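K.L.:
Take the given structure of chain A and dock chain B to it, following the hints.
Here the protein sequences line up with chains A and B, keeping their order.
Quick note: the numbering used here has the first sequence finishing at residue 1965, numbered continuously throughout.
Quick note: the numbering used here has the second sequence finishing at residue 145, numbered continuously throughout.
Treat the hints with care, since some could be wrong.
Far from chain B by the CB rule (all over 12 Å, computed), these chain A residues [claimed, not checked]:
1. P1568
2. S1634
3. A1749
4. N1754
5. F1761
6. L1839
7. R1847
8. C1868
9. R1956
Covered stretches of chain B, going by a simulated chain A footprint (3 or more residues, C-beta under 8 Å) [as the list claims (entries may be wrong)]:
10. 5 to 19
11. 127 to 141
What the hints contain is simulated information worked out from the structure, not anything from laboratory work.
Just so you know, these numbers come straight off a predicted model, no measurement behind them.
By construction, the Cβ of each residue, glycine as well, lies at the ideal position given by its N, Cα and C atoms.
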Amino acid sequence: MSFLDSAAAGFALVAHWESIFYLAMGVLVGVVAGAIPGISATMAVALTLPFTFTLEPIYGILLLLGVYKGGIFGGSIPAILIKTPGTPASSATTLDGYPMAERGEAGRALGIALYASCIADLISNLSLILLAGWLASFALSFGPPEFFTLILFSLTIIAGVSGESLVKGLIAAASGLLLATIGLDLVYGTDRFSFGDPNLMGGLNFIAVLIGLFALPEIIDFVFKPREEHHQARQLGGRWASFADLRRCFKSIIRGSFIGVFLGAIPGIGGAPAAFLSYAEAQRNSPNRDNFGKGEIEGVAASEAGNNGVCGATLIPLLSLGIPGDVITAIIIGAFMIHGLQPGPMLFVTHSHMVYALFMGLILSSFLLLGVGSVAIRAFRFVADVPKSVLAPSVLVLCIFGTYAVNNTIFDVAVMFAMGWLGYLMRQLKIPAAPFLIGFILGPLLENSFRQAMLMSGGSPEIFVRGPITWTFWALTALALYFIIARLRQSWRAET
Amino acid sequence: MSALRTDFWIGIGVVVLGSALALVAVPEGVVSPRNVRIAVLSPAFWPNILAWVVALMGLILALQSLRRRKASEEPETAAPMPRRGLLRLLALAVGSIAFCAFATKLGLVWASMVAFAVVLLLTGTSYRIAAVAVAILLPLALYAFFAHVAAVPIPQGMFVRLP
Chain A
1470 MSFLDSAAAG FALVAHWESI FYLAMGVLVG VVAGAIPGIS ATMAVALTLP
1520 FTFTLEPIYG ILLLLGVYKG GIFGGSIPAI LIKTPGTPAS SATTLDGYPM
1570 AERGEAGRAL GIALYASCIA DLISNLSLIL LAGWLASFAL SFGPPEFFTL
1620 ILFSLTIIAG VSGESLVKGL IAAASGLLLA TIGLDLVYGT DRFSFGDPNL
1670 MGGLNFIAVL IGLFALPEII DFVFKPREEH HQARQLGGRW ASFADLRRCF
1720 KSIIRGSFIG VFLGAIPGIG GAPAAFLSYA EAQRNSPNRD NFGKGEIEGV
1770 AASEAGNNGV CGATLIPLLS LGIPGDVITA IIIGAFMIHG LQPGPMLFVT
1820 HSHMVYALFM GLILSSFLLL GVGSVAIRAF RFVADVPKSV LAPSVLVLCI
1870 FGTYAVNNTI FDVAVMFAMG WLGYLMRQLK IPAAPFLIGF ILGPLLENSF
1920 RQAMLMSGGS PEIFVRGPIT WTFWALTALA LYFIIARLRQ SWRAET
Chain B
-17 MSALRTDFWI GIGVVVLGSA LALVAVPEGV VSPRNVRIAV LSPAFWPNIL
33 AWVVALMGLI LALQSLRRRK ASEEPETAAP MPRRGLLRLL ALAVGSIAFC
83 AFATKLGLVW ASMVAFAVVL LLTGTSYRIA AVAVAILLPL ALYAFFAHVA
133 AVPIPQGMFV RLP
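One chain only, chain B, in its complex shape:
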């Protein structure tokens, strides 16, 4: 898809997002007391204005890209999407959700080591020994700093506890 066409659809998407925020999210998500005498002091005033600004900017972006598309003779070529890259991104997204779900049960240190290993598996490396060493030592060093120097209670998990 050409850059101008992409901008047009970004603009449309932003208009939809801004309108949805103003028409649905703000009325549903912002609690305004009934006794607000001055409208501009209402808790919903600022989010409403900003949501409409977002929608307006989206509209300007869409119109701007339409105007530019007419003026330019840019050929509209579709760039091939690397499928393997997309699969890796999907794996990373699933991994990040799993991390948030299990990090406290597994322990932040062990979960971080797993996260390190997952990224390594996804990207590959020709420095395997260095990578394994860093994957083990870095979370342990960070644990030592945050738990023992900064007194941050790092979650230990249910399996292996660190001193």
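Here chain A stands alone, though its shape is the one from the complex:
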């Protein structure tokens, strides 16, 4: 299929009112969820996933991408109005957003946050379109050894999502990889930790593990320490972000967008570092640098451009190589698999129309975000007032129905509860859950590519250094490990 044929087929797939409806619905759900303190964008994507099972793959994936993008922007609303970032990526937005809200300029701060988010999102999506196809065509020449080294390299993203302790992150990742070995062995068809139970022969259900790890610990924590939070939201004020404001911040928005794109394309970095780097660069280059931290509109624009610039770019490794850029895209990989699609270079060959439809949908999502975001900003007061004592059991019921609906078995609900308690225990012990999930998702890919390569070579490990691609990934892995070790040594020195 030529480029034009694929693009036309993609357009035919996306040019339905349903596509626009599900995308808009996703953005709306994401903005609302992101705006509710206590519901992260990750949790919102995880809880929406079961509702996509019966949808056409394109509608389901557009819905999830809408939730992702809406969730990242939605996090900026409470960050500005009540100094509580809805998502970690919005932390930098509070630095100038809340002082602006205190001055009675909340509407202006939210307006520029929305404009910056939409522009950055558009730039990020365009970068995805330009780079993903090119990277995928390069990755088409990959065999099992190349994929093994690539996945090994992508496991270094664990360093980025491990939080305070890398060792604890590695424990979580190895446990996730180990959990993924449950089920029938793919080469010999023998039992692995299934003990003859048919429920375990296909392995643990991804959705049950995901929802259990990311949604249930919040509920368990609330049961342990019930607290009703009442936030004092600021008034929006009479002033909205003007064209002059946008023009003044434009350089910072463009710079922040490209910082977001660059950091988002590297697996494991995520939105928060991009937002802070973009903020720091804007401060360094701004003539108003002394106002930063005191309510400078350029600071809000730079932070939001940085974190939204990541959104499209995290899909570059996802679509072209089949590896997640962050936790949310790890969940979206699961969504692709549930709909019978395997992200990676072959997706561009076997489902090129789907890829182009997604590209078009993503471009559309930037404009939908502008519309939905404008309404959400004004409706925030109602969103922030959802009492947690009603929200927590509601989320529990959503988790139960969502998990049951995957395989129509209560066994999955039991797995979800077990994972919820495990996630809660991990949280108490400060062991991060994100590396666990990434290990659980990448585990089968890593093991299969390793065993396929060993079958090809008759057991000779030389196959893993068979060409320039494997060498490149070994070098990148070594480089990533060097930086990780350097960071560890630095923190040890600081402590002693």
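P.N.:
Relative to chain A, chain B alone:
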């Protein structure tokens, strides 16, 4: 217990867990055919490696916390555990086991309403009317979506059947 001491015991626990997996769970739980000629292709190879990696990381965590404890002068204070909170967690754990045991007999919708009510009772709320309304309407709405739109056979239970 201080954070460093907790980390030490987490490390020891992880070493024990990893070793138990490698020495007991993998030999007992993974069936390896006798005709595997290349050791790395054995179904037990990967789980074995990972179990030992888990144990090794646990050991590193324990040693790291020992090293840090020597360097720091952090006072080792024991934080009081809220007893009521622990009792609520115990009730939630029993509730989640009971849910899995009786959900299909009671029906997923009714069991979810009970689960909602249990969480409400455990946490308390000052929005009683809204909570009762959501407890009834949310499971019914989810049933309507999954059973009638998504064609998922939601268990109806033995007592009250829904259309």
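K.L.:
Next, verify each hint and record whether it holds.
P.N.:
The hints, checked one at a time:
1. With a closest Cβ-Cβ approach of about 32 Å to chain B, P1568(A) is found to remain outside the 12 Å limit, as its non-interface label requires.
2. Here S1634(A) does not stay apart from chain B, with its beta-carbon only about 8 Å from theirs, under the 12 Å limit.
3. Under the 12 Å C-beta cut-off, the non-interface status given to A1749(A) relative to chain B holds; the minimum distance is some 30 Å.
4. Taking the minimum C-beta to C-beta distance to chain B, about 39 Å, the non-interface status of N1754(A) holds against the 12 Å cut.
5. Taking the minimum C-beta to C-beta distance to chain B, about 33 Å, the non-interface status of F1761(A) holds against the 12 Å cut.
6. Interface exclusion of L1839(A) from chain B stands, the closest Cβ pair being 29 Å apart, more than 12 Å.
7. Under the 12 Å C-beta cut-off, the non-interface status given to R1847(A) relative to chain B holds; the minimum distance is some 23 Å.
8. With a closest Cβ-Cβ approach of about 10 Å to chain B, C1868(A) is found to fall inside the 12 Å limit, against its non-interface label.
9. Non-interface status of R1956(A) relative to chain B is upheld: no Cβ of that chain comes within 12 Å, the nearest being about 14 Å off.
10. Coverage of the stretch 5 to 19 of chain B by chain A holds [criterion: at least 3 residues with CB-CB distance below 8 Å; count 8].
11. Closer than 8 Å: that is the beta-carbon criterion, and the stretch 127 to 141 of chain B has 9 residues meeting it against chain A, so the requirement of 3 holds.
Hint violations for this structure: numbers 2, 8, all remaining hints satisfied.
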